[in-house]
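Asker: These are the residues of each chain, in order.
Number of protein chains: 2
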Amino acid sequence: MNTNSLSAQIINALHSVCGEAPVSLHDPVFKGNEWNYVKNCLDSTFVSSVGEYVNRFEVNLAKYTGSKYAVAVVNGTAALHIALIMAGVKPDDEVLIPTLTFVATANAVCYCGAIPHFVDIKEQNLGIDPTSLRIWLENISEQQNGICINKLTGRTIRALLPMHAFGHPCAMNELKKIAIEYNLFMVEDAAESLGSWYGNKHTGTIGEIGILSFNGNKIITTGGGGAILTNDSELAGRAKHITTTAKKPHKWAFEHDEVGFNYRMPNINAALGCAQLEGISGFVKSKRKLFVRYKTAFSEIPLLRLIAEPIGCKSNYWLQTILLDRSIENYRDSIIEDTNNAGFKTRPSWILMHHLKQFVNCPKAPLAVAESVSKRLINLPSSANLV
Amino acid sequence: MNTNSLSAQIINALHSVCGEAPVSLHDPVFKGNEWNYVKNCLDSTFVSSVGEYVNRFEVNLAKYTGSKYAVAVVNGTAALHIALIMAGVKPDDEVLIPTLTFVATANAVCYCGAIPHFVDIKEQNLGIDPTSLRIWLENISEQQNGICINKLTGRTIRALLPMHAFGHPCAMNELKKIAIEYNLFMVEDAAESLGSWYGNKHTGTIGEIGILSFNGNKIITTGGGGAILTNDSELAGRAKHITTTAKKPHKWAFEHDEVGFNYRMPNINAALGCAQLEGISGFVKSKRKLFVRYKTAFSEIPLLRLIAEPIGCKSNYWLQTILLDRSIENYRDSIIEDTNNAGFKTRPSWILMHHLKQFVNCPKAPLAVAESVSKRLINLPSSANLV
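Respectively, the protein sequence lines represent chains W and Y. Heads up: the first sequence begins at 1 in the working numbering, then just goes up one per residue. Heads up: the second sequence begins at 388 in the working numbering, then just goes up one per residue.
To be clear, the hints were calculated from the coordinates, so they are not data collected in a lab. All residues carry an ideal CB built from backbone N, CA and C; glycine is no exception. A few of these clues could be false.
Not everything, but these chain Y residues come out facing chain W in the computed CB check (under 10 Å) [unchecked claim]:
| # | residue |
| --- | --- |
| 1 | ASP414 |
| 2 | SER436 |
| 3 | THR609 |
| 4 | PHE648 |
| 5 | ARG734 |
| 6 | SER736 |
| 7 | ILE738 |
Calculated from the model, a selection of chain Y residues having no Cβ within reach of chain W, i.e. all distances over 12 Å [said to hold, decoys possible]:
| # | residue |
| --- | --- |
| 8 | GLN396 |
| 9 | ALA408 |
| 10 | ILE534 |
| 11 | ILE567 |
| 12 | ILE667 |
Isolated chain W, as found in the complex:
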């Protein structure tokens, strides 16, 4: 088989699943109360930092995810920044993150003055691999008074930050065991996995603190937005406080009791979010159906496979993903070029974090799986309205 014939087969499959080109990677769907709530918000004039939609969005997010608390913020990056502060991440600490992730995960570590420490992934679910992580930590870390020290750098490893790539839950039980054993605070990056469940627990609610994103390309959108999830009332209260300029409640006085952030979600964005959240079950259903259609359409094409949800998990299939066989990994770029030229928006993996020049000197475990996967991964059009 050559690359042209493979591209042609993939384009045929995309055509049979998605219909006529052009087809986007991921469009939001506004078919519920989006207009009503946004118009109501404008009519009230409460479009900004005060307003009922923010409260309602937080309550409904908590209800849907089964988290005790949800704090809405301006985007997923801000949520990660605050979650890491809550985790006690300090300047010169290290935070274990997968090298296969969107850059926000690594940036948020840097905002704390801390250093990302990159670890490898499993090919099955594209999340941090507990087996290689455990071996790595056995080799390079030691415990000093209940603190995990990187013997190679002398720095504290403060937290473990798994990311549920493209909506597929990581091996959370195993990762949680490691976090407890090595005294690591667990922050869960569920930016891509609203609607994904690990057993009967929603992603983002298994670590001590989790985060969501509602960027325009996510399963639901608020324009820009994110949220912090936690079952700990103290963490939730503190997250709300420092995302709202650390202002002490008062009828009119402006007393701020620490260096806080202006990270609150505006009410107009929350209004959109309330309507979008009403549709979440339908979106998840459509995207899971889309996976089944892709599975059928791609079943005849050799040397590639679709990433399926891990056993025991339910994935939102945020972005449908194919992995090429190693034997044809050098076909990836032409497949992406050809499918985009045919009007089907596809894209490669993010460049691995440890290859970005700003992170090239950060500590890292052996990263062989991520290196291989990143050369073979292609995301396919994934909008809920394709079904």
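Once you've looked at the hints, dock chain Y against the given chain W.
Answerer: Then chain Y, alone, in the frame of chain W:
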């Protein structure tokens, strides 16, 4: 005169200007294309990081302010953070800011790892006083290879950050002279002063870089939002780059070439901003008219004065402000209590930055004027729709 009779006179004046209570401190006015543009944005589904309203809002902001470039961001605090990075502010630098300001000014300095250095204000315009600033710098600073060093702390003083309080332009010519003479980068905090002019120059366009805010209580709002203004194409390009995750332009690849931020303004917020900006001249006109009405209504009340625009400037009168005479400064709290109880939303000055516990050990000049003003200042209801 006792405090009860003074409160009664003030409530009468508020009544005659604002009409029936309850009256807010500052409401936005949505009487133009707000719903059209927001609806159009929802219909396009481009509500997030991509979309035409962001570009249009930036172009129209630049046109209105006479700035060569405008970069829309998620809020005024984010704009300040980026402006200070553009100014070259590094960890352990000092930045000169007024002690009378909203906490975001000081917080943004801290986000850079730098230290706010508080200076005094002029009673006339409530902005940094160039005369006392010059004396202070003469005493405590020295130049070393074109860098301004604080002799008391040994740290570099990198930037001067005047803030146009309540919309009234600072003495920019004098401050600019000091900035040039002392090798300080000038960042202008025009969060409150969209629609205010210093001579024929819009506030925010006089320093090397300026910022605006479109929070819900500002003269125009985008829900949450801000902008960076500059005439320097290199600074503008760099500001756009690092506010959009420092991603290099590419059809699909994710290459980020430095630690960037997720600070872009969502398109749905920009849609609201485009409509609001169409109304700016009308809002300024109304708020200036409101000042004239307050002036008449308060003219008979002894021992207080309304803050008027500085000579040679045109103020947007964002928040109408009265200053009590020193002899009755201890009446302030009961006046605020009484007017709020009567349904007229008034508020005191922000607590001075050097009194907040997180900033109490920061360097500071003598701050006698700010100390006195902050005890005597009251903001009055100021919405454009009161006229």
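Asker: All hints, please: hold or fail.
Answerer: Hints, verified against the model:
1. ASP414: holds (6 Å)
2. SER436: With a closest approach of 6 Å, the SER436 of chain Y hint holds.
3. THR609: holds (8 Å)
4. PHE648: holds (7 Å)
5. ARG734: holds (4 Å)
6. SER736: holds (8 Å)
7. ILE738: Status holds, d = 6 Å.
8. GLN396: holds (20 Å)
9. ALA408: Answer for ALA408 of chain Y: holds, closest chain W Cβ roughly 16 Å.
10. ILE534: holds (24 Å)
11. ILE567: holds (31 Å)
12. ILE667: holds (17 Å)
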